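Chains as they are written, first to last, in my numbering: chain A, 1 to 257; chain B, 1 to 257.
If you are wondering where the hints come from, they were derived from the structure by calculation, not from laboratory data.
Check each hint, because a few of them may be wrong.
Same chains, same names: a pair is fine if it fits in one copy or spans any two.
Here are the simulated EDC-like cross-link-like pairs (lysine to aspartate or glutamate), alpha carbons at most 16 Å apart as the crow flies [as the list claims (entries may be wrong)]: (1) K188 x D240; (2) K40 x E87; (3) K155 x E257.
Here the structure is a predicted model, which means the values were calculated and not measured.
Below, each chain spelled out in residue letters.
2 protein chains.
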Amino acid sequence: MTPKPLILVTNDDGITAPGLRLLIRLMSELGDVVVVAPDKPQSAMGHAITINSTLYINQHNGHQDGAMAEYSTSGTPSDCVKLALNELLDRRPDLCVSGINHGSNSAINVIYSGTMSAAIEAGIEGIPAIGFSLCNFKWEADFSAFAPFITKITKEALEKKIPPGVVLNVNAPNISEIKGIKVCRQAKSNWKEKFDKRTNPMGKEYYWLSGEFDLQDKGEDTDEWALSQGYISIVPTQFDLTAHHSIPTINNWELNE
Amino acid sequence: MTPKPLILVTNDDGITAPGLRLLIRLMSELGDVVVVAPDKPQSAMGHAITINSTLYINQHNGHQDGAMAEYSTSGTPSDCVKLALNELLDRRPDLCVSGINHGSNSAINVIYSGTMSAAIEAGIEGIPAIGFSLCNFKWEADFSAFAPFITKITKEALEKKIPPGVVLNVNAPNISEIKGIKVCRQAKSNWKEKFDKRTNPMGKEYYWLSGEFDLQDKGEDTDEWALSQGYISIVPTQFDLTAHHSIPTINNWELNE
């Protein structure tokens, strides 16, 4: 009998997030699940790691949603993966899944995403990894239409193997009838920031970051296009950030004259 | 008379870091400088942004090192760039430089780097950007051999223009006689973590993250190779994380059957 795959489940919204709880239940159908997730929300943490302060780990009763074990940590999503691999798991996981994030990680959002940073951290360690996100940031978001696709994508990933150096960034539209799945590239986009300036009770000014998403890409092969048409987007994502195509250009500069 | 270029200077070690102070002096020779940097060290913050708490800005006397103005903020390096562009500068900068980081941001370190996240944030906003790092994490690191190369690279970048969608990741070896500059790709590598487990006075266990850098790349076109040979490395770095080469592979999976 082939042993069940060991699946590490993590996220950035914290161990109590409904999206994580559903992901644990879905993964428990496919393998042995261990959960290592932040003890508090860590959204927009990017690929932060904790080097100047201490890390704590708490063990929880993991059996409610089918996991073999659950841990929360005081660290970032990347810290959770590092702690899982080095301290908490007794063998290498066959897969790491992160999410289901409450909110989109499509387009440029991947850069700021704690969900994806956890998946990328696993990818750097050579472990196949997928980040799942729903385009609805509310705590009470409805993940039910997304759920069967998560199972399907995960089964394919376990069977067909994710290419080395690649991590899947999966986003779902916030609709009840999803049309299917598209493999996409990351849409060119940014955020048009608008800081909300206020004055605190002591008279000092402070700011809240807010902004509007600005899509600058009309391509029909992007994640934003797929989502807008009712499809789930899968962007194969890499952590070799080299802009290989521009090396010849920079090599033409007069750098050593 | 052509107006001087406006140069935004930031970092992740905080506004008092010697590497930043030197970068301000070097840039003041090339243009009008405005500094917006964290009010405390923000190393290893990756591309974190502050969305669940408030941001404060303090104005400093910027004239000591030649800047037109200096501000510190309570935010991450990415927050600093967003605040600079949206609240503090009265026109778009011609260049954003980040650093000089006390410590290497070569190879996989780019993913965790606050220095590079600030440069990448500027790049996302369409502003030419460069991160400078010295392979010596000490506060008293000697940046003097690196300094003339920083001026040279910056002048070339202002003249020749960095390609759109690309940010330069510049690292220097910690030696007194640098041989020259190489344009490189990011070396494949990771960190072999080793958590240092201790017990606090209340009897609870906690962890410190530590580890060893593990180079898995023998290529002679990588940043690690260039640095090991006494050269400065420039890796053109991108924020389109799509693994374009693997789209056909994933498209062959049975996702819509």
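Hints breached by this structure: 2
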